[in-house]
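2 protein chains.
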Amino acid sequence: MNMEPIVALDCMGGDGGPATVLAGAATARERYPRLRFRLFGDHARIAPELERLRGLAAAADVVHTDGEVLATDKPSHALRRGRDSSMGRAIMEVREGRAHVAVSAGNTGALMAMAKLMLRTQEGIDRPALAALLPTAKADVVMLDLGANVESSAENLVQFAVMGAAFARIVLGLKRPRVALLNIGEEELKGTEELRDAAAMLRQAGGDLPLQFVGFAEGDKLVRGDLDVVVSDGFSGNVALKAAEGTARLVVELLGRAFRSTLLSQLGFLLASKQLKSLRAHVDPNNHNGAVFLGLGGLVVKSHGGANAKGLANAIGVAHDLVVDDIGGRIAHDMRFFQAHRTLGAPASAPPRSGDEAAA
Amino acid sequence: MNMEPIVALDCMGGDGGPATVLAGAATARERYPRLRFRLFGDHARIAPELERLRGLAAAADVVHTDGEVLATDKPSHALRRGRDSSMGRAIMEVREGRAHVAVSAGNTGALMAMAKLMLRTQEGIDRPALAALLPTAKADVVMLDLGANVESSAENLVQFAVMGAAFARIVLGLKRPRVALLNIGEEELKGTEELRDAAAMLRQAGGDLPLQFVGFAEGDKLVRGDLDVVVSDGFSGNVALKAAEGTARLVVELLGRAFRSTLLSQLGFLLASKQLKSLRAHVDPNNHNGAVFLGLGGLVVKSHGGANAKGLANAIGVAHDLVVDDIGGRIAHDMRFFQAHRTLGAPASAPPRSGDEAAA
Numbered sequence: 009m010n011m012e013p014i015v016a017l018d019c020m021g022g023d024g025g026p027a028t029v030l031a032g033a034a035t036a037r038e039r040y041p042r043l044r045f046r047l048f049g050d051h052a053r054i055a056p057e058l059e060r061l062r063g064l065a066a067a068a069d070v071v072h073t074d075g076e077v078l079a080t081d082k083p084s085h086a087l088r089r090g091r092d093s094s095m096g097r098a099i100m101e102v103r104e105g106r107a108h109v110a111v112s113a114g115n116t117g118a119l120m121a122m123a124k125l126m127l128r129t130q131e132g133i134d135r136p137a138l139a140a141l142l143p144t145a146k147a148d149v150v151m152l153d154l155g156a157n158v159e160s161s162a163e164n165l166v167q168f169a170v171m172g173a174a175f176a177r178i179v180l181g182l183k184r185p186r187v188a189l190l191n192i193g194e195e196e197l198k199g200t201e202e203l204r205d206a207a208a209m210l211r212q213a214g215g216d217l218p219l220q221f222v223g224f225a226e227g228d229k230l231v232r233g234d235l236d237v238v239v240s241d242g243f244s245g246n247v248a249l250k251a252a253e254g255t256a257r258l259v260v261e262l263l264g265r266a267f268r269s270t271l272l273s274q275l276g277f278l279l280a281s282k283q284l285k286s287l288r289a290h291v292d293p294n295n296h297n298g299a300v301f302l303g304l305g306g307l308v309v310k311s312h313g314g315a316n317a318k319g320l321a322n323a324i325g326v327a328h329d330l331v332v333d334d335i336g337g338r339i340a341h342d343m344r345f346f347q348a349h350r351t352l353g354a355p356a357s358a359p360p361r362s363g364d365e366a367a368a
Numbered sequence: 009m010n011m012e013p014i015v016a017l018d019c020m021g022g023d024g025g026p027a028t029v030l031a032g033a034a035t036a037r038e039r040y041p042r043l044r045f046r047l048f049g050d051h052a053r054i055a056p057e058l059e060r061l062r063g064l065a066a067a068a069d070v071v072h073t074d075g076e077v078l079a080t081d082k083p084s085h086a087l088r089r090g091r092d093s094s095m096g097r098a099i100m101e102v103r104e105g106r107a108h109v110a111v112s113a114g115n116t117g118a119l120m121a122m123a124k125l126m127l128r129t130q131e132g133i134d135r136p137a138l139a140a141l142l143p144t145a146k147a148d149v150v151m152l153d154l155g156a157n158v159e160s161s162a163e164n165l166v167q168f169a170v171m172g173a174a175f176a177r178i179v180l181g182l183k184r185p186r187v188a189l190l191n192i193g194e195e196e197l198k199g200t201e202e203l204r205d206a207a208a209m210l211r212q213a214g215g216d217l218p219l220q221f222v223g224f225a226e227g228d229k230l231v232r233g234d235l236d237v238v239v240s241d242g243f244s245g246n247v248a249l250k251a252a253e254g255t256a257r258l259v260v261e262l263l264g265r266a267f268r269s270t271l272l273s274q275l276g277f278l279l280a281s282k283q284l285k286s287l288r289a290h291v292d293p294n295n296h297n298g299a300v301f302l303g304l305g306g307l308v309v310k311s312h313g314g315a316n317a318k319g320l321a322n323a324i325g326v327a328h329d330l331v332v333d334d335i336g337g338r339i340a341h342d343m344r345f346f347q348a349h350r351t352l353g354a355p356a357s358a359p360p361r362s363g364d365e366a367a368a
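Protein sequence lines correspond, in order, to chains A and B. Okay, so the first sequence: first residue is 9 according to this note's numbering, each after it adds one. Okay, so the second sequence: first residue is 9 according to this note's numbering, each after it adds one.
Chain A on its own, in the form it takes in the complex (with noise of 0.2 Å):
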């Protein structure tokens, strides 16, 4: 696409401040360099980071901001007094048309309270979804919902199957990826009926439907490599994802611990350290930066508030690949694919995506 898309970034957001965000942004213009920005935040910390990093400077406008949603913030504060922080700036300039996605390190919470009442949902979605990526022993997998929701009826579940198998298809470049519903057994008697009754709805649409619907999985599954995409509601999801991050974080403590304990267990780690920095990259949430509100009338991607300027960079390196390959028509065109098949109750073939409404 010959499309320069244009990024609201929420320069106030993240552990790190300015400095960090816009060392992220200029690294990911320099991957991408048709991206544009636009700047969120206090015009008196982003200017002198600008006047070094000119490349970025050339291809962004800096629009000021007075206020600023903190980390430690209620979601219910930041609706109230938000709307002119530079978090609530840039999702509104996401609704207002003037940039394709914002970007933020900030606050969760926040973010997603006001993001869900700027952009309400897109067509065929009843619910949005925060969708992230997860490192596994092989490529990594998306998960979602990760608490966008507390509850999830089948047809939530279903709708983010269709979004997850979109986001993996643009972000992992896979043509039909593996879904599961993440549930406490395989067999199709287990867990609640409205994982019982999305898998039902999955496995009779999944094989039309550009994903493979593989059934339920366990948790244990999230992580070994043989899964694409795995679907929950927003508690269980960021359940699992935040039991998955904090055992990593321990075996890596553990890991550290037992090297400093002795001399010769120093000496052992400095022979197998570029090993064992090979790991730590695997494991780093910076090289799998990138949360997305799938289902909005617009695109937010959240940054871990942790990251590094490596870790901005590549979340705005998702953010340019949903917009450049359209993530919002997509998740449109399988749900009306989805709504029409199931009306039909017949069994039928994609139509190709250029159809567009033939298949409503």
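By construction, these hints were calculated from the structure, which means they are not laboratory data. Check each hint, because a few of them may be wrong.
[Stated by the list, open to error] No more than 20 Å apart at the CA atoms, straight line, and that leaves these computed lysine to any residue pairs for SDA-like:
1. A:Lys198 with B:Thr80
2. A:Lys282 with B:Gly264
3. B:Lys198 with A:Arg88
4. B:Lys146 with B:His290
5. A:Lys146 with A:Leu278
6. A:Lys285 with A:Glu261
7. B:Lys82 with A:Lys282
8. A:Lys285 with A:Ala317
9. A:Lys282 with B:Ser269
10. A:Lys198 with B:Arg135
11. B:Lys318 with B:Pro41
12. A:Lys82 with B:Ala289
13. A:Lys285 with B:Gln274
14. A:Lys146 with A:Gly233
15. A:Lys282 with B:Phe277
16. B:Lys285 with B:Ala145
17. A:Lys183 with A:Pro218
18. B:Lys285 with A:Thr270
19. B:Lys282 with A:Leu278
20. B:Lys318 with B:Ala289
21. B:Lys285 with A:Leu272
22. A:Lys82 with B:Leu197
[Unchecked claim] Listing some non-contacts, in silico: residues in chain B with all C-beta distances to chain A over 10 Å:
23. Gly24
24. Ala79
25. Asp92
26. Glu226
27. Asn295
28. His349
All residues carry an ideal CB built from backbone N, CA and C; glycine is no exception.
We have chain A; now place chain B onto it with these hints.
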């Protein structure tokens, strides 16, 4: 206490078969010389093992059973055909008062289904919960429910908290365990209505129960070591546990790969091998073995199916401690106190345990 705890042992469960189970029993008996066993399973396979394990043989009776619950059997199948299996007979032995506790390394779903049906729930408890120990950065943490239920009411969650605390007092040797509810945020308004109601009840009564209720905890806090008991519905608990186990396995596997990749890194591994072994031991499930069905009218301990003899011995050790410290009595006592306290709606102090019925 001067009692001799009697263990009804399912010798046919687990990947290692009777040889592993009996070796584990022999080790447990060396640690706890008062233990006595009733061994259920195929006499022809048990007898030769006992030939070599004289200490155990002197403290055990063998009850021959023909049937066997397979790891692949569905719970419904076990319910129909499992009564005469080694697993079913071991549970029945507890129900009929000929043993204090049943221990099995067999199929979890089948064990749970049969135990629920044969033992029903104990006084004050509406639903049983599956509890287990998880390694953390510091001491182990008790998690429950791990899948005995799919959904849980606020009342169920409160009962799980009381049961988990009783378990932690015995197996972790704590006076007032720190108890948290698993949630997707730490603020009071987060999560489901069931969680918020359970938190309100525990906040009201917690100070008078033998536990400290510390509020909500997110998934990454599970393994940080600052909590003693983490309470959840069976769905999200199961998902969290398996995500944590899967991730620990993944990181250890990646670590192995990293060390094997070059000659230099192999040498590094050799130099640090003692410390790495202790890391492996820290996360080895065999060192944290012994899941327990709490809240039933009799005690059932579940060993990991893949446990080795040491793992089995640990599971039997847990069974021993729960019998000697009368977990069922503690739970009944605490629930009576909780109910009395709630009905009166007034603050009260926990009566001493010897006061038994006085609080009801």
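Hint check results:
1. A:Lys198 with B:Thr80: holds, 15 Å
2. A:Lys282 with B:Gly264: holds, 14 Å
3. B:Lys198 with A:Arg88: holds, 19 Å
4. B:Lys146 with B:His290: holds, 10 Å
5. A:Lys146 with A:Leu278: Violated, because 26 Å separates the two Cα atoms, which is more than 20 Å.
6. A:Lys285 with A:Glu261: holds, 13 Å
7. B:Lys82 with A:Lys282: Outside the cut-off at roughly 47 Å; violated.
8. A:Lys285 with A:Ala317: Judged against 20 Å, a Cα distance of about 19 Å means the pair holds.
9. A:Lys282 with B:Ser269: Given that 20 Å is the threshold and the Cα spacing comes to 10 Å, the pair holds.
10. A:Lys198 with B:Arg135: Within the cut-off at roughly 18 Å; holds.
11. B:Lys318 with B:Pro41: Holds. B:Lys318 to B:Pro41 sits at ~16 Å (cutoff 20 Å).
12. A:Lys82 with B:Ala289: violated, 41 Å
13. A:Lys285 with B:Gln274: Since the Cα atoms of A:Lys285 and B:Gln274 sit roughly 15 Å apart, the hinted pair holds (cutoff 20 Å).
14. A:Lys146 with A:Gly233: With Cα atoms ~5 Å apart, A:Lys146 and A:Gly233 stay inside 20 Å; holds.
15. A:Lys282 with B:Phe277: With a Cα-Cα distance of about 13 Å, the restraint between A:Lys282 and B:Phe277 holds, given a limit of 20 Å.
16. B:Lys285 with B:Ala145: holds, 16 Å
17. A:Lys183 with A:Pro218: holds, 7 Å
18. B:Lys285 with A:Thr270: holds, 14 Å
19. B:Lys282 with A:Leu278: Measuring from Cα to Cα gives roughly 16 Å; hence the hint holds.
20. B:Lys318 with B:Ala289: Holds: B:Lys318 and B:Ala289 sit about 12 Å apart, inside 20 Å.
21. B:Lys285 with A:Leu272: This hinted pair holds, its Cα atoms lying about 14 Å apart.
22. A:Lys82 with B:Leu197: holds, 10 Å
23. Gly24: B:Gly24 clear of chain A: closest Cβ-Cβ about 21 Å, beyond 10 Å.
24. Ala79: holds, 13 Å
25. Asp92: holds, 24 Å
26. Glu226: violated, 5 Å
27. Asn295: holds, 14 Å
28. His349: The claim stands: B:His349 keeps its Cβ more than 10 Å from every Cβ of chain A (closest is about 30 Å).
Violated hints, listed in ascending order, are 5, 7, 12, 26; each of the other numbered hints is respected by the structure.
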